[in-house]
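As given, the protein sequences belong to chains L and H, one line each in that order. Residue numbers are given in my numbering: position 85 of the first sequence equals residue 313, and the series is strictly consecutive. Residue numbers are given in my numbering: position 89 of the second sequence equals residue 115, and the series is strictly consecutive.
In case anyone wonders, no lab produced these hints; they're calculated from the structure. Among the hints, erroneous ones may be present.
[What the hints assert, rightly or not] Partial list, derived from the structure: chain H residues whose beta carbon lies under 10 angstroms from chain L:
(1) MET27
(2) HIS71
(3) GLN74
(4) GLY76
(5) LEU95
(6) LEU99
(7) ARG106
(8) ASP182
(9) ASP184
(10) SER185
(11) GLU229
(12) THR267
(13) ASN269
Predicted model only: the values in this text are computed from it and were never measured. Backbone N, C-alpha and C fix where the C-beta goes; we use that ideal spot for every residue, glycine too.
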Amino acid sequence: MDARAELERRLTDYVTSLRRYALVLTRNRDQAEDLVQETLAKAIAASDSWQPGSDLRVWLFRILHNTHVSERRRAKTRDDARLMLPDPVEESDPTKRIELQQVLDALEQLPEAQRLPIVLVALKEMSYAEAASTLDVPLGTFYSRLGRGREALRQIVGKAKSAKFKLVV
Amino acid sequence: MTLAEQIDINAYLDGELGPDEAAEIEARLEGDPEAQERLEAYARHKDQIGDALAGIAATGPVPLKTARLEKRLAARLHRRQAPRSFSAGPWLHGATRIAAAVTLVTLGWWGHAAWTPPSMSVSKASGVPEYVSEAVGAHTVFAEDIVRPAEFTATDMDSAAEWFSAKIGVPVNAPDLGGYGMSVVGARLLGTKEGPLAQFIYEDAGGVRYSLTLAKHPDNRPVAPLQVVDYPDRAVGYWSTPNIDFALIGKTDGGSMQTLAADLANQI
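Construct all of the structure, not just a fragment, from the sequences and the given hints.
Have a look at this one:
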């Protein structure tokens, strides 16, 4: 495969990841697509600042994240819509389906500062250093936000479970 | 459980630990059912969220506008990735380019005249190996010029090392010369007829510039021990390992260069 085709293939993968992350940030498909397009337009304009050999994906994620943050600051709105995650209808096991819904509900309750580290790591493509760089926070801050967030998530899910057991018994 | 312990479990789960650290966590988990339970819960939730995320956006056609932007970005980035020749830096134009060429020729000539090779370890065509001549020329043009920007600045050394290693074909990076009071200030990749050379530029406390140039050691040449050559106004120490040829250049006398380069060669 020549270098150009290889680059295009990689970029398509990255754009798919960007779209997923944009959906988590904006909670709306149209807004997410707008955010992806704006990210690409900014990347085209800033392509001279990309260092060949440096991580293209992290560079794009950073642009997307910063675009989102500055847009939200401008709009000064807090979107309280549900977290844009798919309904877990594909899971046929009802117990698993309920737990998945509990986890997604719990994720939604976390503050964004804790939610985003969890989401970036769950995308399974990013190391801690890359995710911290995307969020523009020091690595130590990233560690503690992820630590606190996952523990909070565990406790919320735990409570939801025990509430359910009480109901059943 | 403390936050530090939670962080350890997370780092273990996400594969962020080296084998020793991971083994340490495993040993700790062995006798700690509560920690095990946490690890299992974190892992399960991570998978569930990951699967849910993977389910997003997997369906539906990609909007045309996005696809067009993606193509345009690929074209731009491809242009940036395309190999550049030695003098093709965007800023190296006209007179500068000629000056660079003249410098290379002059130094090449000095290399021939000032130094007679020992029979081993040297290419037949010139007094010093070609890569050393190239390295000296590049040192004069780039390293001693404190105004021109380096292709990579000191903060980008990881990216530089990654890219250089890919181009040169063997792992190269900027050795830490802090022990000699020198810190890295920039780096660039040079395209030469000898192949790509990685140039790392260092500065000592007095602002004197040194450059360390690395090239892939050709398979068909013997591994050369350290040699020191005095060029006018600067000295060059060069040596090889089985994988990499090195040349260290600075405005210093042959004796100091001998000490510095010998020490460095031993270390590497």
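Here is how each hint holds up against the structure:
{"no.": "1", "hint": "MET27", "verdict": "8 angstroms, holds"}
{"no.": "2", "hint": "HIS71", "verdict": "5 angstroms, holds"}
{"no.": "3", "hint": "GLN74", "verdict": "5 angstroms, holds"}
{"no.": "4", "hint": "GLY76", "verdict": "4 angstroms, holds"}
{"no.": "5", "hint": "LEU95", "verdict": "4 angstroms, holds"}
{"no.": "6", "hint": "LEU99", "verdict": "5 angstroms, holds"}
{"no.": "7", "hint": "ARG106", "verdict": "6 angstroms, holds"}
{"no.": "8", "hint": "ASP182", "verdict": "6 angstroms, holds"}
{"no.": "9", "hint": "ASP184", "verdict": "8 angstroms, holds"}
{"no.": "10", "hint": "SER185", "verdict": "4 angstroms, holds"}
{"no.": "11", "hint": "GLU229", "verdict": "21 angstroms, violated"}
{"no.": "12", "hint": "THR267", "verdict": "23 angstroms, violated"}
{"no.": "13", "hint": "ASN269", "verdict": "20 angstroms, violated"}
This entry does not satisfy hints 11, 12, 13, going by the numbered hints stated previously.
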